[in-house]
Amino acid sequence: MTTVLETESLRRQFGDLVAVDDVSVAIDSTEITSIIGPNGAGKTTFYSLLTGALEPTDGRVFITDANNERDELTGRPTHEIARCGLSRAYQINNSFPGMSVLDNLRVARIAATGRSKELRTRYRDDTGLTESAREVLQMMNLMDVAETTVSNLSHGDKRKVEIALSLATDPTVVLLDEPTAGMNPSESADMVELIKDIDETTETTFVLTEHDIDMVLDISDRILVLHQGQLIADGPPATVMDDEAVTTAYLGEQP
Amino acid sequence: MTAGLPIQEILTGLSIGSRLFLVALGLSLIFGVLGVLNFAHGAFYMVGAYATASIVGAAGGNFWVAAVGAALTVGLLGAVVEFGLIRRIYDRNELDQLILTFALVLIISDLTRTIWGSGTQTVETPAAFAGNVPVLGVSFPAYRLFVIVVAFLAMGVFWYVLTRTYVGQLVRATSSDRDMAALLGVDVPRLYTGVFAVGSVLAGLGGALTTPIQSFTPALGDQVIINAFVVVVIGGLGSFTGAFVGAMLIGLFQSFGVLVATGVNQLLPFLAMILVLIFRPEGLFGGEEL
Amino acid sequence: MSDIHPLVERPPRSVVAVVGVLLVVAPLVLPSFQTYLLTEVLALALFATGFNLLYGYTGLLSFGHAMFFGTAGYTVGIFMRDVAPGLGLGGATPLVGFLIAGVLGVLVAVAVAVPVGYLSVRLEEIYFAMITLSFSMALYVLAIQNYLGLTNGSDGFSVILGTATLGGFDLALYDRVTYYYLTLLVVAPAMYLLWRIVRSPFGLVSEAIRENAERTGALGVGVRTHRWAAFVVSALFTGVAGVLIAPLHGSLSPGANLHWSISAEPVIITVFGGPYTFIGPTIGAFFFEYIRWGITQFPVLEAHWQLIFGTLILGIVLFAPRGVSGFVSWVVSRATGGESA
Chain L
1 MTTVLETESL RRQFGDLVAV DDVSVAIDST EITSIIGPNG AGKTTFYSLL TGALEPTDGR
61 VFITDANNER DELTGRPTHE IARCGLSRAY QINNSFPGMS VLDNLRVARI AATGRSKELR
121 TRYRDDTGLT ESAREVLQMM NLMDVAETTV SNLSHGDKRK VEIALSLATD PTVVLLDEPT
181 AGMNPSESAD MVELIKDIDE TTETTFVLTE HDIDMVLDIS DRILVLHQGQ LIADGPPATV
241 MDDEAVTTAY LGEQP
Chain Z
1001 MTAGLPIQEI LTGLSIGSRL FLVALGLSLI FGVLGVLNFA HGAFYMVGAY ATASIVGAAG
1061 GNFWVAAVGA ALTVGLLGAV VEFGLIRRIY DRNELDQLIL TFALVLIISD LTRTIWGSGT
1121 QTVETPAAFA GNVPVLGVSF PAYRLFVIVV AFLAMGVFWY VLTRTYVGQL VRATSSDRDM
1181 AALLGVDVPR LYTGVFAVGS VLAGLGGALT TPIQSFTPAL GDQVIINAFV VVVIGGLGSF
1241 TGAFVGAMLI GLFQSFGVLV ATGVNQLLPF LAMILVLIFR PEGLFGGEEL
Chain S
2001 MSDIHPLVER PPRSVVAVVG VLLVVAPLVL PSFQTYLLTE VLALALFATG FNLLYGYTGL
2061 LSFGHAMFFG TAGYTVGIFM RDVAPGLGLG GATPLVGFLI AGVLGVLVAV AVAVPVGYLS
2121 VRLEEIYFAM ITLSFSMALY VLAIQNYLGL TNGSDGFSVI LGTATLGGFD LALYDRVTYY
2181 YLTLLVVAPA MYLLWRIVRS PFGLVSEAIR ENAERTGALG VGVRTHRWAA FVVSALFTGV
2241 AGVLIAPLHG SLSPGANLHW SISAEPVIIT VFGGPYTFIG PTIGAFFFEY IRWGITQFPV
2301 LEAHWQLIFG TLILGIVLFA PRGVSGFVSW VVSRATGGES A
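Protein chains in written order, with the numbering used here: chain L, 1 to 255; chain Z, 1001 to 1290; chain S, 2001 to 2341.
Rather than coming from a laboratory, the hints here were simulated on the basis of the structure.
Accuracy of the hints is not assured; some may be wrong.
To be verified - Pair ranges (Cβ atoms, derived):
(1) L:His155 / Z:Gln1169: 21 to 27 Å
(2) Z:Arg1164 / L:Thr248: 44 to 50 Å
(3) L:His155 / Z:Gly1035: 47 to 53 Å
(4) Z:Phe1279 / S:Val2083: 35 to 41 Å
(5) S:Pro2031 / L:Glu131: 52 to 58 Å
(6) S:Trp2293 / Z:Gly1035: 21 to 27 Å
Backbone N, C-alpha and C fix where the C-beta goes; we use that ideal spot for every residue, glycine too.
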């Protein structure tokens, strides 16, 4: 087991409400990990704690990069955490709507290569930059809409751009937040295949949150279950699905 | 220096602050509920002043009729502006809104000059408050004291209406979540027009009440809006307590600043605004409801 | 913004060349006063384009750009008045002195921008507009109060460049044609530099920040630092414009150089021309200057210039929010059929 991302007793409180309660996990770089749980279980808050969008009330976060160097991420600003290799795709599309798909990815590539202060070159004419952006487009099957303005895309394509952005920085770990949200079954199936493909062909480790249990069972090597901020199950799909605590958590929520 | 000197300065400061408070309250109200920063609020204040001057002449010298008439006129102007223009840009970004209201400043200033000319206007102090009265050991103009009382009254009335009445509840609900309020049956467009009109009435009233104290020209609007911005930023955009405290603070700065050196009274408000924006950008009372 | 038609976003070289030739030839055919106007257009175009680097490209509306424009201008004026005569440059003083003053003016604008920018970029939107407004008004008040005895208060003082004598050759800098070419020699490369900045990775990231600052940070960009850099660069080019305007107007005063109504000029110009193209502010400068001049030809209109400008801005905000260049782009898109590239 090669741990790539770990948390130690991560906790986040909002006044009296404990959104994330003493969560300790170690994400394995060889697995696709899914985080599930009823609504309000704390999944998105957990993500925000990892990426630095929220500061933990307590606990620590660490990432280990390809060179086996362990970096502490706790309390650091978002952009630093991103540069350490932790990337995120949002549940609600959070890209650059007025710009073309290709330009969106150019931004990500510029950020990834630390060139955001560069004044000398012209980004349009930079073949290296454009090529690396197009590679991501290729990977996500977005070649047809490269020059389309993002705000004019279909929902499915916008989701793909969202995920493309999170992958374009060559991250060590990418956190996908409900990647198939709002997609029809065929688009969802495509997305699942895509994730599996990219997982196999790149070094990136995938973590995802999802509501679609069938998809989760299909794609995951490991499942974490959150309920009311606490980690109540952690293991391979078969084990987790048999776990009584998990069934109670979900059944307890059903009308 | 006699013992009475600080009192004089304090009262003067409160008097300046009181006039500023009315226009700042209106500005803060409009921003808090509608989310629009109305650059033209100073121009509204100015129209209030000019309307007062005109109505006084027409109404045979009755200041009170003129002041009320002027305030209502500006309220009407506000309602028309909201209905015809502001309404179209609610979903635009704040910068577009700022530019649109800035365009209104230009238009209103020009029309004011056209209707009333560029000369200096004055209005006489109403007879009921002419002369000075003894207050806390100093002799202070009765009218200025009256204006201070009006400001405190306005604050009280607003606080009461917003916290204790149904209308006030509607306003607070809509300002915190417009979509939810609409879903709950609040006629949001009408509420918005109403709030904008009330905010304008306040500006017009402020302008009306200022006329016996200072002579004015069409440059009045520009002067006031900058000070009003300073007040609401320091006090907190959307906070009425903040508008009150901010206005009084600026009034006191201006009153005491003159003692230190000329020009300090003009500089202090900007320095205060900078400090607040750096250390507490939401304002002294920002982030608190009201 | 990618839905601006490519012809408008990157005008073909032939168009640029033609414009260039026209600009070079203009003063030889235009009456003297028109040359003066055109000089002012060039300086205003630089002012507005520099401003728009921050607004249209990075998404920060500054209401205080007069502070860079004015301090640069005042530096030139003060230097030419107090320091230049004592430099022992002899006949070359008007030119060399002015060049030194110009560089100093820009440096002063940058020196102001660094701390002001550092403090201001911690805020967004309205608050950013407010803090930039307060900084520039504070400087305005200081100028009116004749702080340090330099500015001569609200009266201001004059800035006159005389004739420079360089090795027997006379250069009358106060001559409108001469000064026009001097301005063109400064503005053209400055605009080219701004163009390169906008087409650079730095420029694209600025646009990303405008579109979605949070996501840009999440991709690993230090957003606050980037904004600060954009702020300082914008101030630099604004300073150049301020340096050029001072001798053109022949005088400096707080009201004409530091007041918020001067900060409003690049805002108006950019709104006219359109903030989302590079040439938008330049087009706006042309419109602004010639409408302003056109109005002065008719006393009836001149008395109502505020009404006219106000109505125009109103119209644009309501019906053509991308300004003239946005409108042109729309027309071109329609004419060439369907969605732009």
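Hint by hint, here is what the structure shows:
no., hint, in the structure
1, L:His155 / Z:Gln1169: 21 to 27 Å, "violated, 38 Å"
2, Z:Arg1164 / L:Thr248: 44 to 50 Å, "holds, 47 Å"
3, L:His155 / Z:Gly1035: 47 to 53 Å, "violated, 28 Å"
4, Z:Phe1279 / S:Val2083: 35 to 41 Å, "holds, 38 Å"
5, S:Pro2031 / L:Glu131: 52 to 58 Å, "holds, 54 Å"
6, S:Trp2293 / Z:Gly1035: 21 to 27 Å, "violated, 38 Å"
Checked against the numbered hints above, the structure violates hints 1, 3 and 6; every other hint is satisfied.
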